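Number of protein chains: 2
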Amino acid sequence: MNLEPTIEADFISDEPFHLASGEILSSVKQHYAIYGELNADQSNAVLVFHALSGSARIADWWEGIIGAGKALDTNKNAFICINYIGSCYGSTGAGTVNPKTGKIYGTEFPLITVSDILQGQKKVLEHLGIKKLKAAIGSSVGGMCALQFPVDFSDSVEKCIVIGATELSAMGLALNHLQREALRIEKDVGLARQIAMISYKSPELLNRRFGRNPNRNGENPRRDFEHRFDIAGYLDYQGEIFKNRFDKETFKIISKAMDLFELSDSEIQTIKAKIYLVGISTDWLFPAADVKRLTERLIKNGINAEYIDFKSPDGHDAFLSDTMQMAEILQKIQTEF
Amino acid sequence: MNLEPTIEADFISDEPFHLASGEILSSVKQHYAIYGELNADQSNAVLVFHALSGSARIADWWEGIIGAGKALDTNKNAFICINYIGSCYGSTGAGTVNPKTGKIYGTEFPLITVSDILQGQKKVLEHLGIKKLKAAIGSSVGGMCALQFPVDFSDSVEKCIVIGATELSAMGLALNHLQREALRIEKDVGLARQIAMISYKSPELLNRRFGRNPNRNGENPRRDFEHRFDIAGYLDYQGEIFKNRFDKETFKIISKAMDLFELSDSEIQTIKAKIYLVGISTDWLFPAADVKRLTERLIKNGINAEYIDFKSPDGHDAFLSDTMQMAEILQKIQTEF
Numbered sequence: 001m002n003l004e005p006t007i008e009a010d011f012i013s014d015e016p017f018h019l020a021s022g023e024i025l026s027s028v029k030q031h032y033a034i035y036g037e038l039n040a041d042q043s044n045a046v047l048v049f050h051a052l053s054g055s056a057r058i059a060d061w062w063e064g065i066i067g068a069g070k071a072l073d074t075n076k077n078a079f080i081c082i083n084y085i086g087s088c089y090g091s092t093g094a095g096t097v098n099p100k101t102g103k104i105y106g107t108e109f110p111l112i113t114v115s116d117i118l119q120g121q122k123k124v125l126e127h128l129g130i131k132k133l134k135a136a137i138g139s140s141v142g143g144m145c146a147l148q149f150p151v152d153f154s155d156s157v158e159k160c161i162v163i164g165a166t167e168l169s170a171m172g173l174a175l176n177h178l179q180r181e182a183l184r185i186e187k188d189v190g191l192a193r194q195i196a197m198i199s200y201k202s203p204e205l206l207n208r209r210f211g212r213n214p215n216r217n218g219e220n221p222r223r224d225f226e227h228r229f230d231i232a233g234y235l236d237y238q239g240e241i242f243k244n245r246f247d248k249e250t251f252k253i254i255s256k257a258m259d260l261f262e263l264s265d266s267e268i269q270t271i272k273a274k275i276y277l278v279g280i281s282t283d284w285l286f287p288a289a290d291v292k293r294l295t296e297r298l299i300k301n302g303i304n305a306e307y308i309d310f311k312s313p314d315g316h317d318a319f320l321s322d323t324m325q326m327a328e329i330l331q332k333i334q335t336e337f
Numbered sequence: 001m002n003l004e005p006t007i008e009a010d011f012i013s014d015e016p017f018h019l020a021s022g023e024i025l026s027s028v029k030q031h032y033a034i035y036g037e038l039n040a041d042q043s044n045a046v047l048v049f050h051a052l053s054g055s056a057r058i059a060d061w062w063e064g065i066i067g068a069g070k071a072l073d074t075n076k077n078a079f080i081c082i083n084y085i086g087s088c089y090g091s092t093g094a095g096t097v098n099p100k101t102g103k104i105y106g107t108e109f110p111l112i113t114v115s116d117i118l119q120g121q122k123k124v125l126e127h128l129g130i131k132k133l134k135a136a137i138g139s140s141v142g143g144m145c146a147l148q149f150p151v152d153f154s155d156s157v158e159k160c161i162v163i164g165a166t167e168l169s170a171m172g173l174a175l176n177h178l179q180r181e182a183l184r185i186e187k188d189v190g191l192a193r194q195i196a197m198i199s200y201k202s203p204e205l206l207n208r209r210f211g212r213n214p215n216r217n218g219e220n221p222r223r224d225f226e227h228r229f230d231i232a233g234y235l236d237y238q239g240e241i242f243k244n245r246f247d248k249e250t251f252k253i254i255s256k257a258m259d260l261f262e263l264s265d266s267e268i269q270t271i272k273a274k275i276y277l278v279g280i281s282t283d284w285l286f287p288a289a290d291v292k293r294l295t296e297r298l299i300k301n302g303i304n305a306e307y308i309d310f311k312s313p314d315g316h317d318a319f320l321s322d323t324m325q326m327a328e329i330l331q332k333i334q335t336e337f
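Heads up: the protein sequence lines correspond to chains A and B, in order. Under the numbering used here, the residues of the first sequence are numbered 1 to 337, in order. Under the numbering used here, the residues of the second sequence are numbered 1 to 337, in order.
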């Protein structure tokens, strides 16, 4: 049983919500969770951003990282996570009824950006009385959020921890495009998830775990086209279980938001927070070399930025799978707070 | 206008053709092309193997590599290329009428292996009076053929040049699986080709050529979900043009043959030919490190093998795109013949 949030609630606003695209959402619900207790002056608030398929319930995907005495120590700080606008875990998204039409948005849900997500989350923080975050932490698209936050709200955060995230390279854009093509063609999220999975794992991890073994259920790949290798059985299974927990439109919306994330030098120059950038050594979706280059770019623009090496054989997913090392890195950074 | 073959013909055999799977083809046609002239004792025959989507017409995909005075010098040698059994460029495949049923094979075409392909090609060589090849050359799945040939016919070839090929790693198997999943779901070869394309190109090549530019036709990716980045426009285009020249079943059949290629130590020990293995520095489908490891394995098994580094920023496709360097490497190896 994973740790339960101290608070889990919805923040609903009926103010018109202006998106970067020019579209307006007439009502927005944001689902959030808080682990630990906010102190009297709200100075111990840490905002955590989830990844593409994550929810506000941090402990559901960062088990072992968050809790009393853990790297994200709920005895000391209050950790807030807010499901993204456009996501299917409780916030306004494609599955929501559009008040303007009375029908579910579906494919009509507008394009959102990382900044749109943050505009929404800032309203939740204000509602909670939080003026300044002690830290903002995120991995993957969550890392993009953790880096965009001090640009969009430069006085509202002290430290940012950006894990396995940069602007997407051409290869990253290609991988996202293939996933959205798969979503376009297939009725469900199965193949898109399978394509995503290979980008989350390193070649060495796949070799070690699956190699050229036949599928563990006893199939013989030499027999016919249907019989698979173990890696194929694994990918099919991952595609299958994802269908039960994730929505097609959410996948498309957040994938597109990832595509669009990029920062100009003048935007970078507005950052006041200290930025920690964590590169995962075997990540080929967000290569460590790209994270390092981004760190250098921040420093060149006068930002207090530091690169941290996350040595793991697991690939991009190391932030989820390599819990021990992830915890160690987060703990080490926090001793500076 | 590409160089035309000296001879382009079909070899048809009505002998029952026994496949590794146990299935039997009752009649087999193999389409082949010869560039240059076989000498009187047929001692200048070089067998060239095409890649997944290639045909017997070498000059159509290796323009600049083959011709009078070129790296594959048609003044000196006769270069033979035979379309694979199971392919759609003139040989018996899924588009052929099954003599047993009177209907087109379609999805009923049996699974074939690299050894099945070579059994067929050996019959063509015998028909042409060629007892021993001066060399066998191939890239990608063609490289698998060039390495399997001296195992299956150890007295029939002097030198083998294996370019960008090894057993597929788990990541390679994963990529092939995703392509076949795309073929299963989609009516055509579009998405499968797009997935294949990213495995053929290096991240650095994609960055250099496309970066994060908007699609060159003027689309604005920030506008809506349909507007693309340049890399996405490129992949869509590659998927589209492939539909006009390639068959879905052929894709599935040859992809599966690639999956199944692997050699045991005892098979390796039967090799008598000198083996040159060329690793492409930025290839992530067949990483150079894997090609190097395979070379060491051959040497350990007593084979006369040599590793050659093909430094190119282009990724796996360098054997097609980096013509100058490819020609140089082939020329250098051939000075030893």
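Please keep in mind that the hints were generated in silico from the structure rather than gathered at the bench. Hints should not be assumed to be uniformly reliable.
Identical copies look the same in the list; a pair holds intra-copy or inter-copy alike.
Said to hold, decoys possible - Here are the simulated SDA-like pairs of lysine to any residue, each with C-alpha atoms no more than 20 Å apart in a straight line:
{"no.": "1", "residue 1": "Lys256", "residue 2": "Asn215"}
{"no.": "2", "residue 1": "Lys187", "residue 2": "Phe225"}
{"no.": "3", "residue 1": "Lys123", "residue 2": "Ser55"}
{"no.": "4", "residue 1": "Lys243", "residue 2": "Ile185"}
{"no.": "5", "residue 1": "Lys131", "residue 2": "Tyr89"}
{"no.": "6", "residue 1": "Lys292", "residue 2": "Met1"}
{"no.": "7", "residue 1": "Lys243", "residue 2": "Asn2"}
{"no.": "8", "residue 1": "Lys70", "residue 2": "Gly90"}
{"no.": "9", "residue 1": "Lys76", "residue 2": "Phe261"}
{"no.": "10", "residue 1": "Lys256", "residue 2": "Gly233"}
{"no.": "11", "residue 1": "Lys248", "residue 2": "Ile185"}
{"no.": "12", "residue 1": "Lys103", "residue 2": "Glu328"}
{"no.": "13", "residue 1": "Lys187", "residue 2": "Glu267"}
{"no.": "14", "residue 1": "Lys243", "residue 2": "Asn207"}
Keep in mind it's a predicted model, so treat the numbers as computed, not measured.
With 20 Å as the alpha-carbon cut-off, assign the pair Lys243 and Asn2 to within, between, both or neither. neither (22 Å within a copy, 49 Å between copies)
*asked:* If the cut is 20 Å between Cα atoms, do Lys103 and Glu328 qualify within a copy, between copies, both or neither?
replied: Cα proximity of Lys103 and Glu328: none, with 47 Å in one copy and 64 Å across.
State whether the alpha carbon distance between Lys248 and Ile185 is at most 20 Å within one copy, between copies, both, or neither. both (11 Å within a copy, 16 Å between copies)
**Asked** Is the C-alpha distance from Lys187 to Phe225 at most 20 Å within one copy, between copies, in both cases, or in neither?
**Response** Result: close only across copies, 18 Å inter versus 23 Å intra.
Margin query: Within a copy, between copies, both or neither: which one fits Lys131 and Tyr89 at a CA-CA cutoff of 20 Å?
Written below: neither (26 Å within a copy, 68 Å between copies)
Tell me, please, which holds for Lys243 and Asn207 at an alpha-carbon limit of 20 Å: within, between, both or neither?
So Lys243 and Asn207 fail the 20 Å test inside a copy (26 Å) and across (32 Å) alike.
TODO: Measure nothing new, just compare the shortest in-copy and cross-copy C-alpha distances for Lys256 and Asn215 to 20 Å and report within, between, both or neither.
DONE: between (34 Å within a copy, 15 Å between copies)
Checking an output row: Lys70 and Gly90, CA cutoff 20 Å. Within, between, both or neither? So Lys70 and Gly90 fail the 20 Å test inside a copy (27 Å) and across (65 Å) alike.
Homo-oligomer pair classification [Phe261, Lys76; C-alpha up to 20 Å]: Answer is neither; intra-copy 32 Å and inter-copy 56 Å both fail.
Practice item. Have a look at Lys123 and Ser55 and pick one of within, between, both or neither, based on CA distance no larger than 20 Å. Key: Classified as within: same-chain Cα gap 18 Å, cross-chain 61 Å, threshold 20 Å.
Review point. How do Lys187 and Glu267 come out at 20 Å by Cα distance, when the copy is not named: within, between, both, or neither?
Key: Neither way: Lys187 and Glu267 sit 39 Å apart in one copy and 45 Å across, limit 20 Å.
* Asked: For Lys256 vs Gly233, is the C-alpha pair at or below 20 Å within one copy, between two copies, both, or neither?
  -> Classified as between: cross-chain Cα gap 15 Å, same-chain 28 Å, threshold 20 Å.
The earlier numbered hints that this structure contradicts are 5, 6, 7, 8, 9, 12, 13 and 14.
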